[in-house]
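Undergrad: Sequence:
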Amino acid sequence: MAHKHGRERIQFVNAEDKQEFSKFPTKAGRRSLSRSISQSSTDSYSSAASYTDSSDDETTPREKTQTNSRGSNDFCVKNIKQAEFGRREIEIAEQDMSALISLRKRAQGEKPLAGAKIVGCTHITAQTAVLIETLVALGAQCRWTACNIYSTQNEVAAALAETGVPVFAWKGESEDDFWWCIDRCVTSDGWQANMILDDGGDLTHWVYKKYPSTFKKVRGIVEESVTGVHRLYQLSKAGKLCVPAMNVNDSVTKQKFDNLYCCRESILDGLKRTTDIMFGGKQVVVCGYGEVGKGCCTALKALGAIVCITEIDPICALQACMDGFRVVKLSEVIRQMDVVITCTGNKNVVSREQLDRMKNGCIVCNMGHSNTEIDVASLRSPELTWERVRSQVDHIIWPDGKRVVLLAEGRLLNLSCSTVPTFVLSITATTQALALIELFNAPEGRYKQDVYLLPKKMDEYVASLHLPNFDAHLTELTDEQAKYMGLNKNGPFKPNYYRY
Numbered sequence: 001m002a003h004k005h006g007r008e009r010i011q012f013v014n015a016e017d018k019q020e021f022s023k024f025p026t027k028a029g030r031r032s033l034s035r036s037i038s039q040s041s042t043d044s045y046s047s048a049a050s051y052t053d054s055s056d057d058e059t060t061p062r063e064k065t066q067t068n069s070r071g072s073n074d075f076c077v078k079n080i081k082q083a084e085f086g087r088r089e090i091e092i093a094e095q096d097m098s099a100l101i102s103l104r105k106r107a108q109g110e111k112p113l114a115g116a117k118i119v120g121c122t123h124i125t126a127q128t129a130v131l132i133e134t135l136v137a138l139g140a141q142c143r144w145t146a147c148n149i150y151s152t153q154n155e156v157a158a159a160l161a162e163t164g165v166p167v168f169a170w171k172g173e174s175e176d177d178f179w180w181c182i183d184r185c186v187t188s189d190g191w192q193a194n195m196i197l198d199d200g201g202d203l204t205h206w207v208y209k210k211y212p213s214t215f216k217k218v219r220g221i222v223e224e225s226v227t228g229v230h231r232l233y234q235l236s237k238a239g240k241l242c243v244p245a246m247n248v249n250d251s252v253t254k255q256k257f258d259n260l261y262c263c264r265e266s267i268l269d270g271l272k273r274t275t276d277i278m279f280g281g282k283q284v285v286v287c288g289y290g291e292v293g294k295g296c297c298t299a300l301k302a303l304g305a306i307v308c309i310t311e312i313d314p315i316c317a318l319q320a321c322m323d324g325f326r327v328v329k330l331s332e333v334i335r336q337m338d339v340v341i342t343c344t345g346n347k348n349v350v351s352r353e354q355l356d357r358m359k360n361g362c363i364v365c366n367m368g369h370s371n372t373e374i375d376v377a378s379l380r381s382p383e384l385t386w387e388r389v390r391s392q393v394d395h396i397i398w399p400d401g402k403r404v405v406l407l408a409e410g411r412l413l414n415l416s417c418s419t420v421p422t423f424v425l426s427i428t429a430t431t432q433a434l435a436l437i438e439l440f441n442a443p444e445g446r447y448k449q450d451v452y453l454l455p456k457k458m459d460e461y462v463a464s465l466h467l468p469n470f471d472a473h474l475t476e477l478t479d480e481q482a483k484y485m486g487l488n489k490n491g492p493f494k495p496n497y498y499r500y
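Just so we're aligned, residue 1 is where the sequence shown starts under the numbering used here, counting upward by one.
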């Protein structure tokens with residue numbers, strides 16, 4: 001009912017409500033309230049948990065003293081009290097990672113990673129936690145940090161710290177925090193890493209530059225991203241890679257599953273959660289038609305978006321044409337686009353000049369690992385206004401009032417703004433675990449100071465572990481058929497050059 005002065009009066013049900021409301025009387029207070037509410041929409045735990053945690057939002061975990069139930073303080077997470085919550089998240093993830101759990105059960109008796117001291121830098125999610133706990137069950141000691149300042153699930157980091165894994169990560173780290181966490185992971189009294197599991201190459205390069213003696217003693221590096229693999233090949237080419245490295249990104253079970261199917265499902269999730277966009281009829285340009293681009297385009301096209309592609313590679317461009325997409329130059333179409341998505345692993349794919357030409361309301365985001373694809377640095381200039389409207393959503397406002405919607409400050413959209421499908425991450429995690437086991441146990445001389453692909457037999461083994469989920473039954477070759485094809489009945493079934 002309207003109040004006599006034309007405004008509705010706020011009715012407080014009880015004193016607690018009134019007190020709760022009066023906590024936010026100032027403009028700054030209202031901002032922090034809206035931030036805590038919007039943050040809860042993208043955090044992986046419930047709004048209640050993130051709301052109660054908002055009281056100390058301004059306190060960096062580096063300034064807190066926290067101890068787990070074992071009395072250890074060798075970790076730095078947002079709030080160790082969320083550990084029980086995080087444990088439930090990990091248990092949920094385990095339900096859809098049965099192949100990794102199966103590997104854990106098969107191998108934990110023989111402890112193939114006994115003596116391995118693994119320092120890891122990946123997205124810290126419930127799925128990664130299942131991998132970390134598998135590595136520990138196989139005998140490894142682990143220290144872990146995050147490869148992305150936005151993708152850590154705080155409650156999962158707390159659960160790992162509670163079980164005794166030193167974790168240094170929280171959602172919303174600063175750039176300085178990011179490197180501090182990596183450094184704390186690498187260095188510890190009497191503990192020296194002998195294996196590296198990396199996603200993006202930041203940890204590898206930090207150890208290489210800051211701790212060269214540790215780097216030389218490492219038995220192997222496992223890397224899972226396009227960006228990180230590129231950096232490893234650069235080190236190798238310069239003759240500076242003094243340890244063997246495994247390129248997991250180009251393993252069939254990573255590239256053809258995680259890169260393709262994970263992005264196919266998570267691109268829509270990330271965009272919906274941040275912008276509530278309707279995809280039907282929207283003009284979208286996807287930069288790059290590799291596996292990530294292919295996954296994104298399939299999903300967008302299915303919901304009625306009008307999708308075009310930019311490509312540098314004639315083979316990928318021809319694939320895009322055959323799949324029914326127009327291949328264009330970004331500068332030719334930028335004015336008409338409603339959404340711009342980068343999937344290249346390159347830098348400055350979307351330049352300031354192109355951002356200047358975008359129409360009002362255009363959404364810009366990145367699905368590649370690094371935050372280099374969109375020239376975000378050029379947007380931090382005096383004539384442009386940044387307005388945070390939701391967690392991970394910024395409106396960049398031009399002097400004439402035009403707004404561009406930038407998601408996750410140009411960082412990885414799906415892991416920064418939403419979640420990713422657990423099952424497909426089980427495939428990648430199993431591949432990573434096997435790569436670590438292979439490098440750690442390899443006899444002297446099998447792997448030299450170079451970058452290697454996982455042996456195909458292991459790719460096939462990872463795939464076979466996941467088939468029971470679908471009640472899938474493989475056909476076996478007869479002796480005659482195996483001889484005719486020149487194959488071993490137990491595989492590998494394809495030559496190394498086969499592209500799937």
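Rather than coming from a laboratory, the hints here were simulated on the basis of the structure. Beta carbons: idealized from backbone N, C-alpha and C, even for Gly. One thing to keep in mind: the hints can contain errors.
Stated by the list, open to error - Simulated pairs of lysine-lysine, PhoX-like, Cα-Cα distance not exceeding 20 Å:
hint	residue 1	residue 2
1	K256	K272
2	K237	K209
3	K64	K81
4	K402	K282
5	K256	K494
6	K282	K209
7	K448	K216
8	K209	K240
9	K117	K256
10	K217	K240
11	K217	K117
12	K448	K256
Stated by the list, open to error - Pairwise CB distance ranges, derived in the manner of DEER restraints:
hint	residue 1	residue 2	range
13	N73	N469	35 to 41 Å
14	N469	K329	41 to 47 Å
15	L453	G239	18 to 24 Å
16	K209	S331	20 to 26 Å
17	Q95	E444	37 to 43 Å
18	E110	K210	43 to 49 Å
19	D189	S464	38 to 44 Å
20	Q108	Q234	32 to 38 Å
Undergrad: Evaluate each hint against the coordinates.
TA: Results for each hint:
1. Of the pairs offered as hints, the one joining K256 and K272 is violated, with about 25 Å between alpha carbons and a cut-off of 20 Å exceeded.
2. Distance hint between K237 and K209 is fulfilled; the C-alpha atoms sit about 17 Å from each other, no more than 20 Å.
3. Our distance criterion of 20 Å between C-alpha atoms is met by K64 and K81, whose separation comes to about 13 Å.
4. Only pairs whose Cα atoms come within 20 Å are accepted, and K402 paired with K282 is accepted, the gap being roughly 19 Å.
5. Taken as a hint, the K256 and K494 pair is honoured in the structure, with Cα atoms around 15 Å apart against an allowance of 20 Å.
6. Taking the CA atoms of K282 and K209, the gap is near 46 Å; set against the 20 Å cutoff, the hint is violated.
7. Of the supplied pair hints, the one linking K448 and K216 holds, its CA atoms being roughly 13 Å apart against a limit of 20 Å.
8. This hinted pair checks out: K209 and K240 have alpha carbons roughly 11 Å apart, not beyond 20 Å.
9. Note on K117 and K256: the hinted pairing is violated, with a Cα-Cα distance of about 30 Å set against a maximum of 20 Å.
10. Our distance criterion of 20 Å between C-alpha atoms is met by K217 and K240, whose separation comes to about 14 Å.
11. Simply put, K217 and K117 have alpha-carbon atoms about 11 Å apart, close enough for the 20 Å limit, and the pair holds.
12. For a cut-off of 20 Å, the pair hint linking K448 to K256 is broken: about 27 Å separates their Cα positions.
13. Separated by about 40 Å at the C-beta atoms, N73 and N469 satisfy the suggested range of 35 to 41 Å.
14. For the hinted restraint 41 to 47 Å between N469 and K329, the CB-CB distance of approximately 42 Å keeps it satisfied.
15. Separated by about 21 Å at the C-beta atoms, L453 and G239 satisfy the suggested range of 18 to 24 Å.
16. Taking the beta carbon of each, K209 and S331 are about 37 Å apart, not inside 20 to 26 Å as hinted.
17. Range check, Q95 to E444: Cβ separation about 41 Å, and the 37 to 43 Å hint holds.
18. At about 35 Å, the CB distance of E110 to K210 disagrees with the hint of 43 to 49 Å.
19. With their beta carbons about 42 Å apart, D189 and S464 fall inside the hinted range of 38 to 44 Å.
20. Checked against the hint of 32 to 38 Å, the C-beta distance between Q108 and Q234 comes to roughly 37 Å, which is consistent with it.
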